[in-house]
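Novice: Here are the chains, one letter per residue:
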Amino acid sequence: MVSHGIWVVGPERVLFACHECDWLHRMPPLPEGAVARCRRCGAVLASSRPDHLVRTLTLTFATLVLFTIVNAFPLLELKLGGRETSVTLLSGAVELGHHGMWDVVILVLLTSLLFPILHCVALLYVLMPMVMGYKPPGAVWMFRVAHSISPWGMIGVYMLGVLVAFVKLSDMATVVPGVAVYALAALLFCSTAAGNALDCCDIWRRIGEVDDGHP
Amino acid sequence: MAILDLTAKSSGLIRCPVCALVTPSPENHPCPRCATPLHARKPSSLQKTWALTMAAALLYIPANIFPIMTVVQMGQGEPKTILAGVASLIETGMWPLAMIVFIASVVVPLGKIVILIYLLVSVHVGLKTYIKERIALYRLMEVFGHWSMVDIFLVTLLTTLVKMGALATIEPNRGVSFFGAVVVLTIFAARTFDPRLIWDSAHDHG
Ligand SMILES: [Zn+2]
Ligand SMILES: [Zn+2]
Ligand SMILES: [Zn+2]
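In the order they appear, the protein sequences are chains A and B. Under numbering that gives the first Met the number 0, the first residue of the first sequence is numbered 0, with each subsequent residue one higher. Under numbering that gives the first Met the number 0, the first residue of the second sequence is numbered 0, with each subsequent residue one higher.
To be clear, the hints were calculated from the coordinates, so they are not data collected in a lab. Since we're looking at a predicted model, the values are computed, not measured. Each residue gets a CB set at the ideal place from its N, CA and C atoms; glycine is no exception. You may find that some hints are simply not true.
[Said to hold, decoys possible] Which chain B residues stay away from chain A? Per the calculated CB distances, all over 10 Å, these:
{"hint": "1", "residue": "Pro-42"}
{"hint": "2", "residue": "Ser-43"}
{"hint": "3", "residue": "Val-106"}
{"hint": "4", "residue": "Ala-180"}
[Unchecked claim] Per label pair, the in silico range of CB-to-CB distance:
{"hint": "5", "chain 1": "A", "residue 1": "Met-127", "chain 2": "B", "residue 2": "Ala-54", "range": "37 to 43 Å"}
{"hint": "6", "chain 1": "B", "residue 1": "Ala-50", "chain 2": "A", "residue 2": "Ile-68", "range": "39 to 45 Å"}
{"hint": "7", "chain 1": "A", "residue 1": "Ile-68", "chain 2": "B", "residue 2": "Thr-128", "range": "50 to 56 Å"}
{"hint": "8", "chain 1": "B", "residue 1": "Glu-26", "chain 2": "A", "residue 2": "Arg-36", "range": "50 to 56 Å"}
Isolated chain A (complex conformation) (with noise of 0.2 Å):
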């Protein structure tokens, strides 16, 4: 009864449990652009996403490749009686270490920085070969990563965190967004779009699918 890693029910049918209240369902083949819901409880159990792996793979590298330039350039400059400072994500994020609160220095370093882009590295390592029909080694383990470290990514925060300041400061001095506020807007879209296009169990059936190994 089990081929290619996906429990079958019956001819095209696969056996679905929604992931928040447990109820079995039977799933046909998803028209194009369909979304199937739990019968119980509404949740998202799968959507069709055609074109998923070329367009998550391009969103993906346009995310990292953005990630650079918010890193190179600064977020916000102040300019106040003559003096000028200026933040990025980086030094942002290890400024409460001259203060001694490295246990915030680390939380805000994993969640802005590492995080999303070890997500994006991961999930370029998966996808890259396979849109070129083949699977890199390890790929079962750095899907895995992706999927555990997406939720602690919190660029779209951040954001919010960098208008707030932009506005809390425009009332004592001279505040100029920099490009890197730019650049991180647009991030925040690319990676956003990334995650909608993902299909993440056509991925596992695919990884499943190579691997001869299981049953």
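Could you slot chain B with the ligands onto chain A? The hints should help.
Specialist: What follows is chain B with the ligands alone, placed relative to chain A:
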């Protein structure tokens, strides 16, 4: 879509939390596709969620008692707590900002703690009603849970930027660490809670 009239657990099946494969696996065996250890329900979900929620609630006290930053302008200024910071934003007429900071730093973490306690108690007593409402609360928590990080990011940005010597400086204070701990604990608490228990407990107790 065809449905079966039962849950995976009651059919002796387990859904992999990572790759969504449904298999007739024994408890704590690795997923045949992605090697994640499989459990019909998140292991010791209630105990872990209780512990994390209580720890978050406890640390929320020092997070609010201790100041989170000190704004010194023209030699004047004192350390301020989260609430004092919101109050000073209102004083300077920055209502929208005051609202954002208040919601992110007070409403979201407190709301998460209250929702988690309510969900935990409702599962313990086997509440049979308000299932849809409780699921809605759980989803609300998932969607807005991260937003309490705004204050942490804000403090790091402000302290890095405002170093104007005698004119103005902003320094971080110990409250940031406590608040950061609250944010991390509430995120872990929400993740260890298993929403399937809401449905299980509504059906198991008779
Ligand atoms: Zn459901
Ligand atoms: Zn999926
Ligand atoms: Zn799995």
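Novice: Evaluate each hint against the coordinates.
Specialist: Structure-based check of all given hints:
no. : hint                                : verdict
1   : Pro-42                              : holds, 15 Å
2   : Ser-43                              : holds, 18 Å
3   : Val-106                             : holds, 15 Å
4   : Ala-180                             : violated, 8 Å
5   : A:Met-127 with B:Ala-54: 37 to 43 Å : holds, 41 Å
6   : B:Ala-50 with A:Ile-68: 39 to 45 Å  : holds, 42 Å
7   : A:Ile-68 with B:Thr-128: 50 to 56 Å : holds, 52 Å
8   : B:Glu-26 with A:Arg-36: 50 to 56 Å  : violated, 28 Å
Violated hints for the displayed structure, listed by number in ascending order: 4 and 8.
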